[in-house]
Amino acid sequence: MRTTLAILLLGASAMLTSMLLSMPAQADVMYRWVDKNGVLNYSQVEPQGVKSEKIVTRGSLSSRIQEDSTSAAAQPTDTTKPKLTEEQQRKLEELKALHAQEEQQVAEIKRTNCEKSKSVLERLKQSQRIRVREDAGNERIIGEDERQRRIEEAQEGIASNCT
Numbered sequence: 005m006r007t008t009l010a011i012l013l014l015g016a017s018a019m020l021t022s023m024l025l026s027m028p029a030q031a032d033v034m035y036r037w038v039d040k041n042g043v044l045n046y047s048q049v050e051p052q053g054v055k056s057e058k059i060v061t062r063g064s065l066s067s068r069i070q071e072d073s074t075s076a077a078a079q080p081t082d083t084t085k086p087k088l089t090e091e092q093q094r095k096l097e098e099l100k101a102l103h104a105q106e107e108q109q110v111a112e113i114k115r116t117n118c119e120k121s122k123s124v125l126e127r128l129k130q131s132q133r134i135r136v137r138e139d140a141g142n143e144r145i146i147g148e149d150e151r152q153r154r155i156e157e158a159q160e161g162i163a164s165n166c167t
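First residue of the sequence shown? That's 5 in this note's numbering, and the numbers climb one at a time after it.
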């Protein structure tokens, strides 16, 4: 019983992790411009008759696209990347390494949960009479309804962790 519960909890944890990692970031659009008095302005509405800069943000990352609001066609964007200081480059590399490490950990958890779900499913399908040990140490035979529910849970674990 404890093993089955642990398997189910690991599966749910891995599924939640994968859902959070795969959620798309929300994008916001803002415009930035300097008015005739030299004041820097920001707005979610594009100003008319003024050269403005469109800023698209995704989570904590942002990209800027130069636009001339006064012309009908947008001007080409500057494709050069800003230069990073050595410290910024080092931190970027550290973040990339941490992200890769987290992805490996999630992949390993999913692989382990996949194997456990397959093993549980195989045992549930092999026998009609499944004995489980309860927390108090007593053994009992699960009913057909509970066996079918556990089969469905194992199949869900396989679907979410084995792909």
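If you are wondering where the hints come from, they were derived from the structure by calculation, not from laboratory data.
Be a bit skeptical, because a hint or two may be false.
SDA-like, lysine to any residue: derived pairs with alpha carbons at most 20 angstroms apart [as the list claims (entries may be wrong)]:
#  : residue 1 : residue 2
1  : LYS87     : LEU99
2  : LYS85     : LYS95
3  : LYS129    : GLU157
4  : LYS129    : CYS166
5  : LYS95     : ALA111
6  : LYS129    : ILE146
7  : LYS129    : GLY147
8  : LYS122    : GLU150
9  : LYS58     : PRO86
10 : LYS85     : GLN105
11 : LYS85     : ILE59
12 : LYS40     : VAL60
13 : LYS87     : VAL110
14 : LYS100    : LYS122
15 : LYS40     : VAL54
16 : LYS129    : ALA104
17 : LYS85     : GLN108
18 : LYS85     : GLU106
19 : LYS122    : GLN105
20 : LYS122    : VAL110
21 : LYS58     : SER47
22 : LYS129    : ARG144
23 : LYS85     : ALA104
24 : LYS55     : LYS87
25 : LYS122    : GLU156
26 : LYS100    : ALA111
27 : LYS85     : GLU57
28 : LYS122    : ASP139
None of the values given here were measured: they were computed from a predicted structure.
*Any hints this thing doesn't respect? Which numbers, in order?*
When the structure is compared with the hints, numbers 5, 10, 12, 13, 14, 16, 17, 18, 19, 23, 24, 28 turn out to be violated.
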